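Enquirer: Now for the letters of each chain:
Number of protein chains: 4
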Amino acid sequence: MHATTKLSDDLKYDLIVKRIEERGVKLEEIAEITLDLQKKYLPELTLDICMDHIKRVIMKREVQHAVLTGLELDILAEKGLISEPLSTLLKSDYGLYGIDEILALSIVNVYGSIGLTNFGYVDKLKPGVMKKLDNKSPDKKEVHTFFDDIVGAIAAAAASSVAHKYAESEAVVKAYEKEA
Amino acid sequence: MHATTKLSDDLKYDLIVKRIEERGVKLEEIAEITLDLQKKYLPELTLDICMDHIKRVIMKREVQHAVLTGLELDILAEKGLISEPLSTLLKSDYGLYGIDEILALSIVNVYGSIGLTNFGYVDKLKPGVMKKLDNKSPDKKEVHTFFDDIVGAIAAAAASSVAHKYAESEAVVKAYEKEA
Amino acid sequence: MHATTKLSDDLKYDLIVKRIEERGVKLEEIAEITLDLQKKYLPELTLDICMDHIKRVIMKREVQHAVLTGLELDILAEKGLISEPLSTLLKSDYGLYGIDEILALSIVNVYGSIGLTNFGYVDKLKPGVMKKLDNKSPDKKEVHTFFDDIVGAIAAAAASSVAHKYAESEAVVKAYEKEA
Amino acid sequence: MHATTKLSDDLKYDLIVKRIEERGVKLEEIAEITLDLQKKYLPELTLDICMDHIKRVIMKREVQHAVLTGLELDILAEKGLISEPLSTLLKSDYGLYGIDEILALSIVNVYGSIGLTNFGYVDKLKPGVMKKLDNKSPDKKEVHTFFDDIVGAIAAAAASSVAHKYAESEAVVKAYEKEA
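Top line first, the protein sequences correspond to chains A, G, U and E. Residues 1 to 180, numbered by my numbering, are exactly what the first sequence covers, in order. Residues 1 to 180, numbered by my numbering, are exactly what the second sequence covers, in order. Residues 1 to 180, numbered by my numbering, are exactly what the third sequence covers, in order. Residues 1 to 180, numbered by my numbering, are exactly what the fourth sequence covers, in order.
Please note that the accuracy of each hint is not assured.
Heads up, the list lumps identical chains together, so a pair's fine if it works in one copy or across two of them.
[Stated by the list, open to error] Pairs of lysine to aspartate or glutamate, DMTMM-like flavour, derived with a Cα cap of 25 Å:
1) Lys26 to Asp14
2) Lys141 to Glu179
3) Lys6 to Glu29
4) Lys79 to Asp10
5) Lys40 to Glu168
6) Lys165 to Asp9
7) Lys178 to Asp36
8) Lys18 to Glu177
Treat the hints as calculated values from the structure; they're not laboratory data. What you are looking at is a predicted structure, and each value in this text was computed from that prediction instead of being measured.
Input sequences plus hints: build the corresponding full structure.
Expert: Next comes the structure, spelled out in structure tokens:
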């Protein structure tokens, strides 16, 4: 069986990366957050390996749709095209809004529940590039209500992807082998 | 970078399949639910293709852990090793329990939010093999409180995996290509 | 301790109901879906009781924010203010989009995981008022990509709220009392 | 309409508190984590107010079921009643397990997605009483694989409950009032 029509994975990937970069963030900056999260568990981990996992995350359709939707809402809020009271909720990055976190959850979930912890941690501390996106002034012109959570969620999902690949414990391997 | 220890994917897969079969369900029976869910959208879909996607779902670590945990709780409840009031919650497949659904959610999420709808649908209707697992008598000896949701979640996740592979629309492909 | 400023619950509730009605759906129509879902378990259940629980659901801030955000996206798509490829994803109610389901999940979760099953079931079958919102023609003028899931999620959350209030089992009550 | 049988809320609450205390944690210790999380936003917040919100969280049925289930798994693992390989996953608090996080998510979700961030943050940093529960030695006798996440999730859910009650912003109040 063949899909009658099929999108090129590269085409989709390139479009999402372009949208992220147009909002002022480079993938390397997201990969740096991933490296920070995982290097204490995996001392040999490099930025290049983290970049590979960032790319895998961005290849996922659910992630692409969350990015397209969140950035659209940020941009429309900047342009004044969102109606009230949602406009104020978005422009002030209202702490009780919650929809930015639920979109981030759909990104993190792609690599399983272990990403929740890393997402929450970076969403609280706003390391690296996330700091410059986090500006809650209601008068500000730039709106990154969704984008800072999206960046954190991609970094956390990539950290999960790294952990799934490299962090298996010897005790667990032995426990499975005994049952085989 | 290499993982210092690495579990064989086949070993883990075989163990999970063995556990599912020991509880009375064959993978083909789960694949039949997937086929039922997707064939109206994809008339050429076959049981063999669905089996391939069931296998992919069962290769995911989050899914394996949900299966191991849910079946353990069912089995311990059967053996009378669970304390009260949890024992009664599990033995009666209490409708307000909710933890069986949250475990199922962790399975479904692996292929994204589109699986929620199919999971809810089969969890309500209990098609095929799910029917024989669904027996809410509080006096029954067999406990399948987690297992019926797990079977439905694996079937729904495989349906999402099939859809992600074959169900791209022409309109969406064109929309991306115009932006490239 | 007092909140320095405090929104009137009635004011927020009234605004959300107005927005839902402007999109062509009456709360009674959502309550009918809830009644359908629960009356086989609770034969004495009435539409009035279901309306009370619909109102409780709509009083929740997370639900209000999901409604405001989802309807805004539908309306902006109708007005041609969404950029491509997201515009096509929304106008065609693309089956692989997934963000509509994740927003619905944030509504359903407010009354716990037991709502997942009812949400999936109605999202598949589109009973009552959901049917008229579900029109996947890419040429259509009205866009209800988020709204049909929102309506189903509110109905399912209200069904959970009803179940939490009325559906406790005698066996579970006894199991707790023995442990007290 | 009346529920034919109805559990006493106090009875359920008392049982859950007893189970938490038997595992070595006092509610005040959880409330201290909540206070730490919220006092920088709400300088007048007190431990007593946080205790009120901890109690509200523990009154929720979904939370009670997550506590009963998670603690049961911890205790059965301590007693050697869990089969392999799950026993090793639980005894070593395996970082890739994920089911502890998904159970925590079901607790946090009760007060909406805004709790995800606080949960992740405390799950990473293990403040206060969480530190003494977090001991990943595979040879240890005590197993708190679920309990440390449960404690963090209750603290984070209570922080959300506090925020929902006291943290409304003036800009948002005005935006709603203009639309009324």
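Enquirer: Are there hints from earlier that the structure breaks, and if so, what are their numbers?
Expert: Hint check: 3, 4, 7 fail, others pass.
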